[in-house]
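Chain order of the listed sequences is Z, X and F.
Numbered continuously in my numbering, the first sequence closes out at residue 388.
Numbered continuously in my numbering, the second sequence closes out at residue 1520.
Numbered continuously in my numbering, the third sequence closes out at residue 454.
I should point out that these hints are in silico values taken from the structure, not numbers from a laboratory.
This one's a predicted model, so the numbers in the text were calculated from it and none came from an experiment.
Yeah, the Cβ is synthetic: ideal placement off N, Cα and C, and Gly gets one too.
Check before you lean on any hint, since a few could be wrong.
Said to hold, decoys possible - Computed from the model, here is a short list of chain F residues facing chain X with C-beta under 10 angstroms: (1) K103; (2) K337; (3) E376; (4) S377.
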Amino acid sequence: MNKLFISPSPHVYEDTTVKRLMFDVVIALLPALVFSIYFFGMGAIIVTLTAVVSCIAFEWLIQKFILKQEPSITDGSALVTGILLAFNVPSNLPIWIIIIGSLVAIGVGKMSFGGLGNNPFNPALVGRVFMLISFPVQMTSWPIPGVTRFTNWLKPISAADLDAVTGATPLGIIGNNVGKVLEKIDVATGDTLRHTVTIQDIYNGQVVINEEVVKTFDQVPEYASQLLGNIGGSIGEISAIALLIGFAYLLIRKVITWHIPVSIIGSVFLFAGVLHLINPEYYIAPEFHLLTGGLLLGAIFMATDYVTSPMSVKGIWVYGIGIGLITVSIRVFGVYPEGVSFAILIMNAFVPLINMYIKPKRFGEEVKNGQ
Amino acid sequence: MSTTILFTVISLSAIGSIAAIILYFVAQKFKVYEDPRIDQVEEILPAANCGGCGYPGCRGFAEAMVKADDLSPFYCPVGGNETMTQAAEILGKAVEAKDPLVAVIRCSGSPEHRKRVNTYDGASTCVIVSGLYSGETGCQYGCHGLGDCVDVCDFEAIYMDEETGLPVVIDDNCTACGACVKECPNDIIELRKKNKKDRKIFVSCVNIDKGGIAKKACEVACIGCKACVKVCAYDAITVENFLAYIDPNLCKLCRKCVDVCPTNSILEINFPPRKVKVEATETVETKKVETPVGPTGENEKKENDNNIINQEG
Amino acid sequence: MLKTFPKGGVHPAEGKYSANSVIEKLSLPKTVSIPIAQHIGAPSKAIVAKGDKVKVGDKIAESTGFVSANIHSSVSGTVVKVDKVLDSTGYKRPCVIIDVEGDEWNESIDRSIELKKEISLTDKEIIQRINESGIVGLGGATFPSHVKLSVPDGKKIDVLIINGVECEPYLTSDHRLMLEKAKEMLVGIQIIMKALSVNLALIGIENNKPDAISHLQNLVKDYPGVEVHALKVQYPQGGEKQLIKALINREVPSGALPLNVGAVVHNVGTAFAVYEAVQKNKPLFERIVTLTGKSVKKPSNFMVRIGTPVTELIEAAGGLPEDTGKVINGGPMMGKALNSLEVPVVKGTSGILIMPVVLSARKKESDCIRCAKCVSVCPQGLEPFLLNKLAQLGKNDKLETNAVMDCIECGSCSYTCPAGLPLLDYIRLGKSKVSQIIRSRKQ
Ligand code: SF4
Ligand code: SF4
Ligand code: SF4
Ligand code: SF4
Chain Z
18 MNKLFISPSP HVYEDTTVKR LMFDVVIALL PALVFSIYFF GMGAIIVTLT
68 AVVSCIAFEW LIQKFILKQE PSITDGSALV TGILLAFNVP SNLPIWIIII
118 GSLVAIGVGK MSFGGLGNNP FNPALVGRVF MLISFPVQMT SWPIPGVTRF
168 TNWLKPISAA DLDAVTGATP LGIIGNNVGK VLEKIDVATG DTLRHTVTIQ
218 DIYNGQVVIN EEVVKTFDQV PEYASQLLGN IGGSIGEISA IALLIGFAYL
268 LIRKVITWHI PVSIIGSVFL FAGVLHLINP EYYIAPEFHL LTGGLLLGAI
318 FMATDYVTSP MSVKGIWVYG IGIGLITVSI RVFGVYPEGV SFAILIMNAF
368 VPLINMYIKP KRFGEEVKNG Q
Chain X
1208 MSTTILFTVI SLSAIGSIAA IILYFVAQKF KVYEDPRIDQ VEEILPAANC
1258 GGCGYPGCRG FAEAMVKADD LSPFYCPVGG NETMTQAAEI LGKAVEAKDP
1308 LVAVIRCSGS PEHRKRVNTY DGASTCVIVS GLYSGETGCQ YGCHGLGDCV
1358 DVCDFEAIYM DEETGLPVVI DDNCTACGAC VKECPNDIIE LRKKNKKDRK
1408 IFVSCVNIDK GGIAKKACEV ACIGCKACVK VCAYDAITVE NFLAYIDPNL
1458 CKLCRKCVDV CPTNSILEIN FPPRKVKVEA TETVETKKVE TPVGPTGENE
1508 KKENDNNIIN QEG
Chain F
12 MLKTFPKGGV HPAEGKYSAN SVIEKLSLPK TVSIPIAQHI GAPSKAIVAK
62 GDKVKVGDKI AESTGFVSAN IHSSVSGTVV KVDKVLDSTG YKRPCVIIDV
112 EGDEWNESID RSIELKKEIS LTDKEIIQRI NESGIVGLGG ATFPSHVKLS
162 VPDGKKIDVL IINGVECEPY LTSDHRLMLE KAKEMLVGIQ IIMKALSVNL
212 ALIGIENNKP DAISHLQNLV KDYPGVEVHA LKVQYPQGGE KQLIKALINR
262 EVPSGALPLN VGAVVHNVGT AFAVYEAVQK NKPLFERIVT LTGKSVKKPS
312 NFMVRIGTPV TELIEAAGGL PEDTGKVING GPMMGKALNS LEVPVVKGTS
362 GILIMPVVLS ARKKESDCIR CAKCVSVCPQ GLEPFLLNKL AQLGKNDKLE
412 TNAVMDCIEC GSCSYTCPAG LPLLDYIRLG KSKVSQIIRS RKQ
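Construct the complete structure from the given sequences, taking the supplied hints into account.
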């Protein structure tokens, strides 16, 4: 007979492991990856592969040579970070920028805090925001879906190329135009016509200001395109349907609970809805907010990152609603057309505080206090 | 643009200075009088904040000493007599010198002597094992070998010997702060007098089972046979609950007991190797242990072995 | 919807292999070692010595306080010695060791098998008899039963809750009891109701035992005031606080006892033991023990005399499987791993579970990923990840403010943690440290 094992109870375990959870997240991201490959072609593949490989490589190198630990890349968390990082950048981003971004994501965002479980900020977002700040031009030049599909991907990207292939994201179009006052001298009368650009104008494809030139702009994509992903944007954020499929998978596999995505999406919808009701001329319809700018990607995959989200359900509501409000505020009042990444990072910073002050409801606690 | 910057700078500095002024007054208001000698005493303490004195941190100790009339209950094991005399000078009081102590591990149950009869698979700390059951071996009193004492030592004075699975004290580093003594759930560690040349003789066992049971669980267990009691000329040894104890204050380090112990439970440490009678070599196992100087005690051990061989030759 | 407790909980694989095995009487062993501390509270004092002859049911150790219990001999024979023997606590503790000679019962025990329904004793006498018979909570907690029945002045009990949940995976002893000894058990419940002078008793049974539920539902018609309730299969449904919340929606305040909300909880096994003690004058010296496990040849339910070595049960169930890695006294969630198979069955042994080697070792540990799964499964609304960390750091004051003492040690947190952290190991450590501090503060 073998020697008996002795350990304190319990003696049985759920078969969930960190590895399984991470790979479930990867599986949930696959539909979005498929869609983005369809729309962005080779670029999406290259960017994703680069990000994944460099994230894993950096994690391994840092653990092995700097921290001198047993590398733990097999837990899949670097893989998830890599994919998420790729999903947050345009598909034509130069490879070297991605590699730097990965280094920042893993090195600064994760390892400098002690690795998985200790990082206060979502590593992929740290990487993304770093790139956004350091390489704003490249990070905000999105290829028009379909245009670059399987072409041009080997060529280094020059400024001219960028111009040729980039399309603005829906949020960018709106952010750059709505509310601006357009002045035009009527040739016939000599009067100065003033016109404040409204959402409706943009929906109708009527005006856009580019320097002083007035030209008709392509329409903001229809909802159908937005759902499918046929819009400009980062690799992973463009197809709402694919992201929702991933969400369903995560729920079924009990990897995440519905609370975070629902609280974010709900609060964005409500806040944007209220603004829209107040002034539909200036504030776009709330559905539009939901389907663009990586909101779904952020709500489903980034904000739900275990390490950087609160532990109690009450805390999660605070966190989710906070992200929702900040996102809409940045989009509507701020200079950046997109706010999800920043909103999540800001709320990440509050998570320790939330965990400290918002505790789960203890059994028998209220009764005790009520006595 | 520049006005904005100017405005920002001015307002920020204004806020800053107001805050500073408020802080200053608040600090003044809430300032408590502190005996300046507390600082002086704290200055000379080792600042290890190990708690070996029984107070939370060196400052707590300094405060208590300043307040007290009599310094005799106070002792900083880290600083030792020297520090205590200095402190006494500052406070104008007297202290008595105390014998320096050192931690010793009273268990020799390496796997070779003490068979492992089951496999522990829980959280890796001794205190959890001891809360759960009698441990991986038949001896419920002995060392669990999971190193709680190592974790708690602030002075890197203990390490786990991988071969024996037992902790080893590096006497030169040990300040006798007593942290490990408190931590060990099985009370295996004892602070004993650091004699001349750091020589020590002690019973390296804490098993209080009857002889037969103890011996079955561990070959080097004290079986309470009292052979050592009989041979000790200074009445330093007592046997209680089938376990011998050598009083460090009475022991004269004559080493007689070491030879008579049938289970080799008594250790002698830092003694020069002695002449071994030829016919005795077979039965009496050598028990000479050098104070290790670090986790790689290998060399010393070899040297020691060589010494013994030379002596025999 | 089925009743259940509101927060947390897990659902481990049930593995009730022995659910259909009829209770068998285990043949008498050659010797028994009866520990004299088998309950929570003060250990009893042995009142026999080497050489004494004892009969089945003779008292061999006497309770030493209010929270303590008598111990009776489970066999007839000669006391060999009173010595320390390794028992299921994992330590050697004093036991009365008796060589079995024949099977001669104390004359006062009524060995007839017909059901005796009418209760002739008064409430005081009932409690007295239960105390005398050494009955303790048979669900595993082994809290002396007479203590729970002696309601302090000023407290009012209005409902008796009978725990037939058996939420621990694998175990089936309560299940079999509810099927085979239902009538006796129901009389036992009525005895307890009389002792507490309550008119309502609710039996809670998890819905994975439909046969027991319907069987009892048919029978309770004849027992006024007794109701049967099916509960959702969710661990730890059988935790006292959880069960009370599920059945009568009252929340036992943190740090308080069920009687603060007017309820008393007893296990079905205890109810049966009460019946035997009160109606048949039979002290507690045998109990039903499940012997089960994935590789066990013949998963069984035995009626076992207290003090019988576990090996005897294993032999009777077809021997120790080749691939045994762990033997657990109790269920897999709260049971205790045994370090020897010679340990005796005690009053609290509801089952012996034999785990194959592949299921015995723990998951590999990695760092906490803060997934909050432990928080969401904790039925007590605690934060196990935090308690674990605090206990490791020895921050006892913080442990206390974070309600470590509310932990019921159900193990749901360790069960679920994807990082394989031994959360409950450390939480238990923290609990014991904090309770020491609380105790010293009271003094
Ligand atoms: S070995 Fe023990 S007594 Fe010596 S310094 Fe370390 S903790 Fe203190
Ligand atoms: S001496 Fe004590 S604390 Fe140290 S390893 Fe042994 S049992 Fe643990
Ligand atoms: S379940 Fe485990 S990994 Fe998840 S938060 Fe709790 S302790 Fe951490
Ligand atoms: S903390 Fe305690 S009550 Fe909560 S799940 Fe863990 S063991 Fe159960």
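Each hint, compared with the structure:
1. K103: This interface hint holds because 7 angstroms falls under the 10 angstroms limit.
2. K337: At 8 angstroms from the nearest chain X Cβ, F/K337 passes the 10 angstroms test, so the hint holds.
3. E376: With Cβ-Cβ at 9 angstroms, under 10 angstroms, it holds.
4. S377: Result: violated, 14 angstroms to nearest chain X Cβ.
Of the numbered hints given earlier, the model fails hint 4 alone.
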